[in-house]
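Undergrad: Listed below are the residues making up each chain.
Protein chains: 2
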Amino acid sequence: MQEKKNFGKKGLTKKSENIAKWYSDVVLRADLADYSEVKGSMIIKPNGYAIWEKVQTVLDKKFKQNDIKNCYFPLLIPNHLLKKEKKHLQGFSPELAVVTYAGGEKLSEPYVLRPTSETIMYKTFADWIHSYRDLPLKINQWCNVIRWEKRTYPFLRTTEFLWQEGHTVHQIEQEAIKMALEALKWYEDFYKDYFAISPYVGIKSEQEKFAGAKTTYSVELVIPNGKALQAATSHNLGDNFSKVFDISFLDNKEKKCHPFQTSWGLSTRSIGGLVLIHGDDSGLILPPKVADPQVVILVIADKEKIQSEKIKKYAQKIYEKLNKNGLRVKLDIDLKYSLGYRINEWEIKGVPLRIEIGQKELKGKKIKFVRRDTFSQSLVFVEDLIIKTKSLLDQIQKDLFAKSEKIKRDLTVEVNTYQEFRKISQAQKVFIRAFWCEDKKCEEKIKQETKFSTRVLEMNKVKENLKGKCVHCGKPAKRKWLFAQAY
Amino acid sequence: MQEKKNFGKKGLTKKSENIAKWYSDVVLRADLADYSEVKGSMIIKPNGYAIWEKVQTVLDKKFKQNDIKNCYFPLLIPNHLLKKEKKHLQGFSPELAVVTYAGGEKLSEPYVLRPTSETIMYKTFADWIHSYRDLPLKINQWCNVIRWEKRTYPFLRTTEFLWQEGHTVHQIEQEAIKMALEALKWYEDFYKDYFAISPYVGIKSEQEKFAGAKTTYSVELVIPNGKALQAATSHNLGDNFSKVFDISFLDNKEKKCHPFQTSWGLSTRSIGGLVLIHGDDSGLILPPKVADPQVVILVIADKEKIQSEKIKKYAQKIYEKLNKNGLRVKLDIDLKYSLGYRINEWEIKGVPLRIEIGQKELKGKKIKFVRRDTFSQSLVFVEDLIIKTKSLLDQIQKDLFAKSEKIKRDLTVEVNTYQEFRKISQAQKVFIRAFWCEDKKCEEKIKQETKFSTRVLEMNKVKENLKGKCVHCGKPAKRKWLFAQAY
Chain S
124 MQEKKNFGKK GLTKKSENIA KWYSDVVLRA DLADYSEVKG SMIIKPNGYA
174 IWEKVQTVLD KKFKQNDIKN CYFPLLIPNH LLKKEKKHLQ GFSPELAVVT
224 YAGGEKLSEP YVLRPTSETI MYKTFADWIH SYRDLPLKIN QWCNVIRWEK
274 RTYPFLRTTE FLWQEGHTVH QIEQEAIKMA LEALKWYEDF YKDYFAISPY
324 VGIKSEQEKF AGAKTTYSVE LVIPNGKALQ AATSHNLGDN FSKVFDISFL
374 DNKEKKCHPF QTSWGLSTRS IGGLVLIHGD DSGLILPPKV ADPQVVILVI
424 ADKEKIQSEK IKKYAQKIYE KLNKNGLRVK LDIDLKYSLG YRINEWEIKG
474 VPLRIEIGQK ELKGKKIKFV RRDTFSQSLV FVEDLIIKTK SLLDQIQKDL
524 FAKSEKIKRD LTVEVNTYQE FRKISQAQKV FIRAFWCEDK KCEEKIKQET
574 KFSTRVLEMN KVKENLKGKC VHCGKPAKRK WLFAQAY
Chain C
124 MQEKKNFGKK GLTKKSENIA KWYSDVVLRA DLADYSEVKG SMIIKPNGYA
174 IWEKVQTVLD KKFKQNDIKN CYFPLLIPNH LLKKEKKHLQ GFSPELAVVT
224 YAGGEKLSEP YVLRPTSETI MYKTFADWIH SYRDLPLKIN QWCNVIRWEK
274 RTYPFLRTTE FLWQEGHTVH QIEQEAIKMA LEALKWYEDF YKDYFAISPY
324 VGIKSEQEKF AGAKTTYSVE LVIPNGKALQ AATSHNLGDN FSKVFDISFL
374 DNKEKKCHPF QTSWGLSTRS IGGLVLIHGD DSGLILPPKV ADPQVVILVI
424 ADKEKIQSEK IKKYAQKIYE KLNKNGLRVK LDIDLKYSLG YRINEWEIKG
474 VPLRIEIGQK ELKGKKIKFV RRDTFSQSLV FVEDLIIKTK SLLDQIQKDL
524 FAKSEKIKRD LTVEVNTYQE FRKISQAQKV FIRAFWCEDK KCEEKIKQET
574 KFSTRVLEMN KVKENLKGKC VHCGKPAKRK WLFAQAY
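From first to last, the protein sequence lines are chains S and C.
Just so we're on the same page, our numbering is the position in the first sequence counted from 1, plus 123.
Just so we're on the same page, our numbering is the position in the second sequence counted from 1, plus 123.
Please note: incorrect hints may appear among the correct ones.
Which copy is meant is left open, so a pair is good if it fits within one copy or across any two.
[What the hints assert, rightly or not] Below are the DSBU-like pairs computed for lysine-lysine, each with C-alpha atoms no more than 30 angstroms apart in a straight line:
1) 185 with 440
2) 598 with 586
3) 483 with 376
4) 185 with 453
5) 192 with 440
6) 447 with 187
7) 187 with 436
In case anyone wonders, no lab produced these hints; they're calculated from the structure.
Note that the coordinates shown come from a computational prediction; the quantities given were computed from them, not determined experimentally.
Kindly generate the complete structure, drawing on both the sequences and the hints.
TA: Now the structure itself:
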């Protein structure tokens with residue numbers, strides 16, 4: 124028997140032993156991605172891309188419902204445009220890739236490959252916007268972006284990645300803030316409802332916010348090793364860019380004003396978070412709402428060929444029934460491989476529900492279901508096929524979310540003293556919730572001393588006005604922030 | 124009244140007078156695209172991108188039905204990979220854009236921005252393919268590509284454009300040929316069924332084929348000025364790339380073989396063809412199957428405010444009825460602008476069907492329909508709203524296709540002598556069908572002397588074995604080819 128390349132006899136690294144190695148193993152062996160000859164870039168394979176298409180479908184529908192129009196701006200950004208906003212340039216300049224030759228000639232001005240599109244877009248917005256009637260302007264693009272990172276991991280940090288970037292322009296700042304918060308909510312809901320992940324959602328510190336933003340809102344995932352993964356951001360840009368790029372409009376009293384802007388994005392990094400949070404020692408676990416297939420039907424061969432054919436036909440019927448009822452199903456009748464090998468393969472690929480059909484099932488009118496997340500088995504009457512499949516998939520989706528909530532809860536620690544902070548941060552990686560005076564200097568020192576950076580001020584704590592003391596300097600602090608080590 | 128920027132009082136250039144100028148006018152004023160600061164790159168605006176999304180939806184469904192999986196390969200191609208296939212490199216090297224700096228450092232090997240992805244993909248296919256069981260491999264990607272063109276036009280030829288590129292690998296050549304022809308058929312059907320365009324479809328000459336292909340099949344559009352627009356291509360690559368990139372598999376007798384490959388693509392250029400073929404002196408005309416909206420409802424204001432409100436409510440009802448029946452409708456109640464201005468705007472944007480609702484319609488229970496393609500008007504009883512709207516949209520789709528067939532027929536001339544060929548090609552741009560000996564030298568001379576290049580040998584003429592004489596050299600020629608000037 125020929126063995127498929129990515130599928131040796133050797134098991135995966137254990138997740139608890141070495142999550143980084145486990146992660147690379149799973150990404151490769153579940154056929155999500157492959158390494159490429161381009162340093163730090165990856166190839167997104169069909170299994171990985173199918174997840175991205177699910178993300179696109181869900182978010183794109185949400186955008187369209189909210190009257191956000193898709194468009195496409197150039198990949199290349201003239202150097203002088205990127206230079207216009209100083210903080211923005213500073214933030215991105217170490218990561219830029221630069222085109223210096225094109226069409227056989229040295230370019231008189233180099234082009235930068237977009238690390239994000241604020242500058243190229245906003246230059247054009249200045250031409251598009253003249254009157255308050257042109258507002259709000261709400262657009263989005265699905266595209267590739269390039270950020271030259273030193274240390275890269277598939278999905279989590281690659282020199283090229285795919286994302287969507289929404290950009291809006293509003294007459295008044297309140298509208299822009301509302302928009303930024305709305306986008307944040309779409310992301311949060313997406314993670315909860317589809318990826319079955321319970322994230323932290325809040326405001327970034329001044330130090331950690333997007334280069335050029337007034338406020339950055341962020342969705343942060345708690346990885347099972349206690350590290351934090353920034354999984355989507357939404358920025359209130361204020362009138363910062365609109366002043367720099369001279370975007371202005373006449374209001375209904377013919378007064379010239381600078382509008383207020385937002386930008387917000389979610390990328391293929393989200394897939395990395397999905398793998399890290401739900402996967403186990405047997406490989407990937409996909410939440411039913413984004414899994415394709417959701418159900419795999421395994422035909423178990425019989426010694427007698429005629430019996431095997433009967434089983435196949437029976438399985439085919441089951442397949443068609445599920446398919447007709449809108450479920451995403453795969454029928455595996457590839458009897459060349461051993462049953463153990465095939466089970467192993469579907470487990471690595473994370474298909475949420477497995478149905479096994481052999482001689483016993485053919486005769487007994489009962490079907491064996493195996494859940495990927497718990498490995499628990501159940502026998503189901505054929506008559507209950509659809510209802511049971513649907514309820515099991517629902518249950519898996521819910522249980523995965525509950526599991527993610529537990530991870531988040533278990534890996535979050537409230538801390539009152541810096542001694543505790545240091546002790547805990549040395550012992551293990553967790554999210555630490557602690558009072559902070561919101562002074563940059565304390566933040567920097569904590570990061571230097573513990574490697575823990577501020578992640579977010581949770582949304583429900585923004586308006587708190589407590590009488591606490593900064594965990595580092597002891598000065599008055601009104602609110603508790605979340606600290607963690609970035610993935 | 125504030126005037127929208129792209130919408131001055133001045134009319135469009137007449138299509139018959141200066142199609143190039145007319146084209147730029149329409150693209151800008153229908154808000155399909157805008158120029159950018161990046162030389163030769165365009166911004167695809169929401170109206171243009173919506174058409175591209177329709178293309179994507181139709182083709183992507185077709186791909187998935189045929190078990191072609193989407194994936195994503197890196198934008199950047201290491202120089203040495205591109206160099207591997209000599210003809211391929213030669214074909215693309217004048218158009219390459221090159222990244223030489225990244226992450227603050229000069230790169231030891233420059234990266235080229237993909238002009239197409241054969242080389243980066245096939246390098247990896249060699250790792251993925253080992254056994255006949257790994258075949259066929261059928262993938263596709265939707266992405267941006269960069270080709271540094273000197274003369275550029277929005278959609279038709281830009282330094283960056285969007286496309287899909289399908290790539291397949293097969294055990295035997297017959298399968299690859301079948302696949303290449305199948306993709307060609309998808310493109311042809313797409314142009315006919317959705318874009319309402321009747322194209323020429325056939326084989327490219329050796330000289331004009333894709334750099335590195337064994338055979339190139341092409342879809343060519345006849346532009347109303349008689350020029351040819353290559354609008355999609357499909358390549359049988361033979362085992363040319365598989366040998367160069369050392370892709371091989373063991374067949375079922377354990378013999379090592381090189382597989383056979385195809386690649387095929389359709390780009391945002393298709394939108395340029397759509398504009399050129401259907402548009403008229405009043406602007407864009409969109410075929411109902413790709414138009415969004417398909418119907419615009421214009422509310423005509425009454426002098427009395429109360430009456431106007433009644434009309435609006437009535438129009439809203441009509442809107443909801445159409446919407447519920449699956450039609451893409453837009454309700455225009457923006458009474459700030461004059462009726463003439465609003466009509467003008469929707470005509471420029473090419474909405475296939477306009478419904479006008481004013482005081483007369485409110486009272487008379489009849490609704491006024493105006494077709495964008497013919498400007499013909501009809502009064503429709505409210506009871507017939509849905510059936511009439513659907514039948515009119517169907518009719519517009521059919522009539523546009525018939526119009527495109529007529530353009531093609533009228534602009535194709537059969538020619539027997541080179542004297543005729545020269546005379547006609549000097550007088551006007553048309554497609555010329557003529558015997559050609561299939562010798563490269565004749566082809567080159569014809570091109571030098573007339574600017575007419577071979578477009579395709581039509582599919583239904585591939586097997587012809589006539590006793591003709593080459594229109595240029597008089598030597599025996601078996602088949603008639605199509606010649607035209609490229610757009």
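Undergrad: Against each hint, give a clear statement of whether it holds in the structure.
TA: Hints and how they fare:
For a Cα distance limit of 30 angstroms, the shortest separation of residue 185 from residue 440 across copies, 25 angstroms, qualifies, whereas the shortest one inside one copy, 36 angstroms, does not. In this homomeric assembly, residue 598 and residue 586 come within 30 angstroms of each other (Cα to Cα) only inside a single copy, at 19 angstroms, whereas the closest approach across copies is 89 angstroms. Taking the shortest alpha-carbon separations for residue 483 and residue 376, neither the intra-copy value of 80 angstroms nor the inter-copy value of 36 angstroms comes in at or below 30 angstroms. Proximity of residue 185 to residue 453 under the C-alpha cut-off of 30 angstroms is found in both arrangements, the shortest distances being 29 angstroms within a copy and 19 angstroms between copies.
For the identical chains of this complex, residue 192 and residue 440 are inter-copy neighbours only, at 25 angstroms across copies versus 43 angstroms inside a copy, given an alpha-carbon limit of 30 angstroms. In this homomeric assembly, residue 447 and residue 187 come within 30 angstroms of each other (Cα to Cα) both inside a single copy, at 28 angstroms, and across copies, at 17 angstroms. Taking the closest pair of Cα atoms, residue 187 and residue 436 come within 30 angstroms of each other only across two copies (25 angstroms); inside a single copy the shortest separation is 43 angstroms, beyond that limit.
Taken one by one, the earlier hints fail for this structure only at number 3.
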